[in-house]
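K.L.:
One-letter residues, chain by chain:
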Amino acid sequence: MSLNIADVEKVARLARLAMSPQEMQTAQAQLSNIFVLIAEMQAVDTRGITPMSHSQELYQRLREDIVTESNQREAFQAIAPQVENGLYLVPQVIE
Amino acid sequence: MIDSSISQLGADLRAKKISSVELTQCYLDRIAKFNPALNAFISLNPEISLEQARAADARFATGKIDALTGIPIAQKDIFCAKGWLTTCGSKMLHNFVSPYDAHVISQFNNAGAVNLGKTNMDEFAMGSSNETSYFGAVKNPWDISRVPGGSSGGTAAAVAARLCAAATGTDTGGSIRQPAALCGISGLKPTYGVVSRYGMIAFASSLDQAGPMARSAEDLALLLNTMAGFDERDSTSLQREKEDYARDLVKPLAGLRIGLPKEFFAEGLSNDVAQAVESSLAEYKKLGATIVEISLPNTKLSIPVYYVLAPAEASSNLSRFDGVRYGYRAPEYGDLANMYEKSRAQGFGPEVKRRIMIGTYVLSHGYYDAYYLQAQKIRRLIAQDFVDAFKQCDLIMGPTSPSTAFKLGEKGDDPVQMYLSDIYTIAVNLAGLPGMSIPCGFGSNKMPVGLQIIGNYFDEARMLNVAHQFQLATDWHTLYPKL
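Read top to bottom, the protein sequences are chains A and B. My numbering puts the first residue of the first sequence at 1, with every later residue one more than the last. My numbering puts the first residue of the second sequence at 1, with every later residue one more than the last.
Some hints could be false.
[What the hints assert, rightly or not] Simulated DEER-style distance windows between Cβ atoms:
1. A:A78 to B:E283: 34 to 44 Å
2. A:L58 to B:H365: 26 to 36 Å
3. A:H54 to B:D369: 10 to 20 Å
4. A:S20 to B:Y367: 18 to 28 Å
5. B:D143 to A:G86: 20 to 30 Å
6. A:E40 to B:Y100: 22 to 32 Å
7. A:L58 to B:Q384: 16 to 26 Å
8. B:A274 to A:E40: 38 to 48 Å
9. A:I66 to B:S279: 34 to 44 Å
10. A:E84 to B:Q384: 22 to 32 Å
11. A:I66 to B:A274: 28 to 38 Å
12. B:A282 to A:P21: 51 to 61 Å
13. A:A39 to B:S279: 32 to 42 Å
If you are wondering where the hints come from, they were derived from the structure by calculation, not from laboratory data. Glycine included, every Cβ here is placed at the ideal spot set by N, Cα and C.
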């Protein structure tokens, strides 16, 4: 199986990765090789097998509805690329 | 001092033959001297390390001490440590000073261990050679023209070069066991869920597991005692009785049944690795074990299954890096979407982008059943292979890696070649089983060979017993590289 340039473009857009035409070409070749490897799976008969998402059969635990975290807004914002008056700054999204 | 086991160092500290400050300074001096050639550490913070050492020394006077009190431990740079740069080997987090501690870091802190520094690693733990790190490749201390393995390559090189008493790693597809093998040290990936993933930067959450890397099985047991335990902040952390992983170290091995999967000794395995592994099996027979041939028929499928599931989980986990709340933001951008796209394109390296793209593709509309669901179904077949195998044997052994350490740059251009080198380790993660690697000889190029030991779920104490008995009978684990 091989991917075409349109597939690569679509995936790059979904993954939010800016890519030059040159990078797309390299990615197309490398991803196609990887999908040749992955295609080995397709020959396996898996009818009737339950997918395994996890190695342990776990259920989501419940906990008491109490406050366990303290407010660390300043510590968290100190490591952000751009903040002002306690707000995270991003390019304007509403005209 | 640098050749002493952790229990010996602990005894010396308690007897006040040495202080933790002296020990920490000794390792910091070695790092200053040898790290420029090895590149095993990404960040050091001698003031914090020595402060912790002073606190440990004070603690010896109070009597509230632990097996690791005062012991300098290096931490893989995937663990968030408060006040420490925590980069995960990526430009994306090149300036990220963590505001909190991972559970593993808190456990070491509570024990009074010293955080000696953060070790280099493949970017976001994606790699088998440590060449994908934004901070440059790590060199194998046995031969600096060769890779240390990955992704916990900095840790493996630091332990092998005795730049720390022991260190931590994480293993998603072999990232503790393979670098341990390539650098001639011991490493253990516990059963999935034994060590909390809280504060450990996520790659593939259903596979990621932290574990210790050290010079002997005995040291691994002491580290695992500190690292393991229930943590409610990780929803996959298992609620189990606390156990002492060192409790069975001295048990004799008579009657032990070792399973050898025939698929691990087939095409693709280097002769020199096969020979070293076979010699160690002969040693196990002398120790009273019997060898049983077993089959893990779906071994070959573990690679395609892993390279669907791990990238799928990674593409989801790494969507959090958007240049808004922390980490890298592109210097120039247009609108919001453009800011995301540029920050991610510039912040992630080529291998990480490749895996995000694979994952995005297999999860996208129209491909989910054919790839993601099919891979999860085969994952069950792979796990079932082990259930069947453990009906005939107590433990499984084989090579950790098909060859010894390869040259830097040797597999750089071909991702598929690199992926194939994970053939013996990946299935263990897919099944969620514990696995370890211990040194068992040298290859034709004088590079270390690792023996892999795979246990049944929660059988870490027995695996450590089996490794320790081998290390009592052989001296491979005591050999170290000339720096």
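K.L.:
Does the Cβ-Cβ separation between H54 (chain A) and D369 (chain B) fall within 10 to 20 Å?
P.N.:
19 Å, holds
K.L.:
Is the hinted range of 34 to 44 Å satisfied by the C-beta distance from I66 (chain A) to S279 (chain B)?
P.N.:
Violated, since I66 (chain A) and S279 (chain B) (Cβ atoms, about 58 Å apart) do not stay within the stated range.
K.L.:
Indicate whether the distance between the beta carbons of I66 (chain A) and A274 (chain B) respects the range 28 to 38 Å.
P.N.:
Distance hint for I66 (chain A), A274 (chain B) is violated at roughly 57 Å.
K.L.:
So the hint says 26 to 36 Å: do the beta-carbon atoms of L58 (chain A) and H365 (chain B) match that?
P.N.:
Check passed, 29 Å falls within 26 to 36 Å.
K.L.:
Given the hint of 22 to 32 Å, check if E40 (chain A) and Y100 (chain B) actually sit that far apart at their C-beta atoms.
P.N.:
42 Å, violated
K.L.:
A range of 22 to 32 Å was offered for this pair. Does it hold for the Cβ distance of E84 (chain A) and Q384 (chain B)?
P.N.:
56 Å, violated
K.L.:
Honestly, do D143 (chain B) and G86 (chain A) meet the 20 to 30 Å range at C-beta?
P.N.:
Since the Cβ atoms of D143 (chain B) and G86 (chain A) sit about 53 Å apart, the hinted range of 20 to 30 Å is violated.
K.L.:
If I claimed the Cβ atoms of S20 (chain A) and Y367 (chain B) lie 18 to 28 Å apart, would that claim hold in this structure?
P.N.:
Since the Cβ atoms of S20 (chain A) and Y367 (chain B) sit about 25 Å apart, the hinted range of 18 to 28 Å holds.
K.L.:
Check the following: the C-beta atoms of L58 (chain A) and Q384 (chain B) are separated by a distance inside 16 to 26 Å.
P.N.:
19 Å, holds
K.L.:
Range hint 32 to 42 Å: satisfied by the CB atoms of A39 (chain A) and S279 (chain B)?
P.N.:
Since A39 (chain A) and S279 (chain B) have Cβ atoms about 38 Å apart, the given range 32 to 42 Å holds.
K.L.:
Note whether the CB distance of A78 (chain A) and E283 (chain B) lies within 34 to 44 Å or breaks it.
P.N.:
55 Å, violated
K.L.:
Is the gap between the beta carbons of A274 (chain B) and E40 (chain A) within 38 to 48 Å?
P.N.:
Hint violated: Cβ distance 24 Å, outside 38 to 48 Å.
Checked against the numbered hints given earlier, this structure breaks hints 1, 5, 6, 8, 9, 10, 11; the rest are met.
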